[in-house]
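S.K.: Those protein sequences? They're chains A and B, same order as listed. Each residue of the first sequence is one higher than the one before, counting from 1 in our numbering. Each residue of the second sequence is one higher than the one before, counting from 1 in our numbering.
Some clues are possibly wrong.
Label pairs and their in silico Cβ distance ranges [said to hold, decoys possible]:
hint: 1; chain 1: B; residue 1: Trp7; chain 2: A; residue 2: Glu100; range: 29 to 35 Å
hint: 2; chain 1: A; residue 1: Pro74; chain 2: B; residue 2: Leu76; range: 23 to 29 Å
hint: 3; chain 1: A; residue 1: Asp38; chain 2: B; residue 2: Trp7; range: 18 to 24 Å
Covered by chain A, per the in silico footprint, the following chain B stretches (three or more residues, Cβ under 8 Å) [unchecked claim]:
hint: 4; segment: 55-65
hint: 5; segment: 68-75
hint: 6; segment: 154-161
Don't read these hints as lab results, they were simulated from the structure. Given the structure is predicted, the values throughout are model-derived calculations rather than measurements. No residue lacks a Cβ here, since even glycine has one placed at the ideal position from N, Cα and C.
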Amino acid sequence: MPGVVAEQRETDLLRGVLDTCVLAVLAVEPTHAYDVVDRLRAQGFSSVGYGTLYPLVTRLRSQGLLQQESRPSPSGPSRNVLSLTPTGHKALEDWRRRWERTVETVAKVMADLDRYEQHRG
Amino acid sequence: MAEPLWWPVQLTAWVDRVDAQWCALGMTRDQRARLRQELVRDLGQAVLGGAAPAELMRADPDHFARDVLDAEGIDLTATSTIGAEPRWVGRARLVVTALTGAAAAGMLALVTVYPIGSALMDNTRFNFTQGLIALATHVVAATMAAAGGALAVGWSFGSYRHPRRLALASGVGLVVSGGVAALLAVGYAGLTHYSTQASVELTEVMIVTLVCALGVIATSSLVPVERLPDGETGKRRAS
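With the rest of the complex left out, here is chain B (with noise of 0.2 Å):
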């Protein structure tokens, strides 16, 4: 429903965090419209009446949303099995999703991009192109696992809200965390003198998961990781 034109801004950010928590304890879109509306009348009323907008915000708005539903009459242990699941289950699927996709397209590149780069590279006499070349084909390489993490989280996430802010967030997080992560692991293989044992490769693996998983946690935390109910997808939404 849209908020009249008298209606106090502010009040709109509390009503969608209300509206978002519905969503997530699983009420459907029709249902949540209802209730949008006549929460935003009620609020309307307050307001022609004298009421402060800061009063009317102080209660919780997750809180709020539980207390209505149940005012309501909605058993909600009888909802969506959705709304059960924990938001942090959510951000380590998100986390591993990212990891996942970025890894198998990683392994793309590492066979069609990444050899063309690593020729160049071991060959002591190339030219200033021919660098270039080399680094360019490093940051194809970098760019497509990017991609790739970003493209499996706009999938598996495409039920969530916001899938496309979700899969962006991810591709940001992989990147900066990705620059970062090379360069650590660059210096730790330094400092062994480019040792190729295992427990070296090893560590320098999990260098670079650590400080990636690290990045897409903190990009992605920008944006709210809640499962829409079912049969509504956040690609609608974002259309």
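Pulled out of the complex, with its shape left as it was, chain A reads as follows (with noise of 0.2 Å):
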């Protein structure tokens, strides 16, 4: 696959779960927007940038699902620190079991196929 397809392929995948693992992410440690980008780095989203969290953390907060804070800091001026909203919570929970079921019902059909090729082979 070409280069170019196969990123484009990796960022509409991104897209549909990216808002379930900022939430995630949060939920675990509320800290500021580009900490969210280090996080997800670590976890292997390396495409992930702050062009695209930026964003999509603004479209969490004006849905109402996170909520910002100014937190006193020992080392600098004060940080403004991202936390999940009591709906942010529902949400997560929400999406989270979509995104389960979704990856049972992808694994079934891989299943079948696997089973499909193993036959053939």
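Take the two lone chains, each set in its own frame, and fit them into one complex as the hints suggest.
M.R.: Here it is in structure tokens:
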């Protein structure tokens, strides 16, 4: 598959799950937006950048799923920390269930494909 | 919002481009101020968190600006139609305005200043001083035409960003290209033995128009042609 197409495919797949992952990261530990980028990259989302995450966080905030508060920092100016609202926690639960169902469904389809290929091979 | 002292200066240019795109998309001054303040604050957090400015600026500012507005739930199709104006339309309108203004002022010069120089030029035995006066009247006439073009742009583009810079750039473009156009047109006239045939004179006018248009395009391209949202004038911004 050409590199550009593969990259676009990854972006398309990412689009559907990135908001869930952002909520999950912030549910574990409230932090600021760029730290979320770092954490997602550490988990393997290498293509995620600030240009993707800032608008996404803005969207989640405007949907009332995230809130931002200023917290004093021992080293320098106060930090704006993002955290989940109660609605955000509910959304995360819901999206996580949906994601798990999707993964199960896709796994079943792929298992069928595996069986077919084994039978044919 | 003023950036903090530790703010990396290169981020300001990137934020300015994002802001300019918000402006072009029809955001009001207050909306832009709020969006910019939030963005600057967030970028500041990222820098304090150890992010490299180059990494933060990797996103295309135009796309980024659109994505943020989309995330804010702002319907871009419902915003002012100003943002819908393609850039080339603004540029084309600027060239037409500059040339129209220059033509109008040129006509005024033709009936006021130019006859003096023309009369002196027709006198084949004029002295050095009279020659200088004749040259000066042509320069004054040309300057009037260029100033007319610049004034027309400044007046017509008052609701755009940088109207004064646009006017100045157009004026400079008219002066430089006007000089080149005059040389070309006079050269062509010489080749045709100063024919007064309509086709020759039309060609001379076309040469001048085309060269002046190219000159205005060249110099005005150094200044962005972006209209400001309703109620916000470039004159007020410039002050």
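S.K.: Does each hint hold? Answer for all of them.
M.R.: Evaluated hints:
As the Cβ distance of Trp7 (chain B) to Glu100 (chain A) is approximately 43 Å, the hint placing it in 29 to 35 Å is violated. A C-beta distance of roughly 42 Å is found between Pro74 (chain A) and Leu76 (chain B), which places it outside the suggested range of 23 to 29 Å. For the hinted restraint 18 to 24 Å between Asp38 (chain A) and Trp7 (chain B), the CB-CB distance of approximately 21 Å keeps it satisfied. Residues of the segment 55-65 of chain B with a Cβ under 8 Å from some Cβ of chain A number 7, which satisfies the need for three, so the listed coverage holds.
Taking a C-beta to C-beta cut-off of 8 Å, the segment 68-75 of chain B contributes 5 residues in contact with chain A, enough for the three needed, and the coverage statement holds. Counting residues of the segment 154-161 of chain B whose CB falls under 8 Å from any CB of chain A gives 0; the rule of at least 3 is not met.
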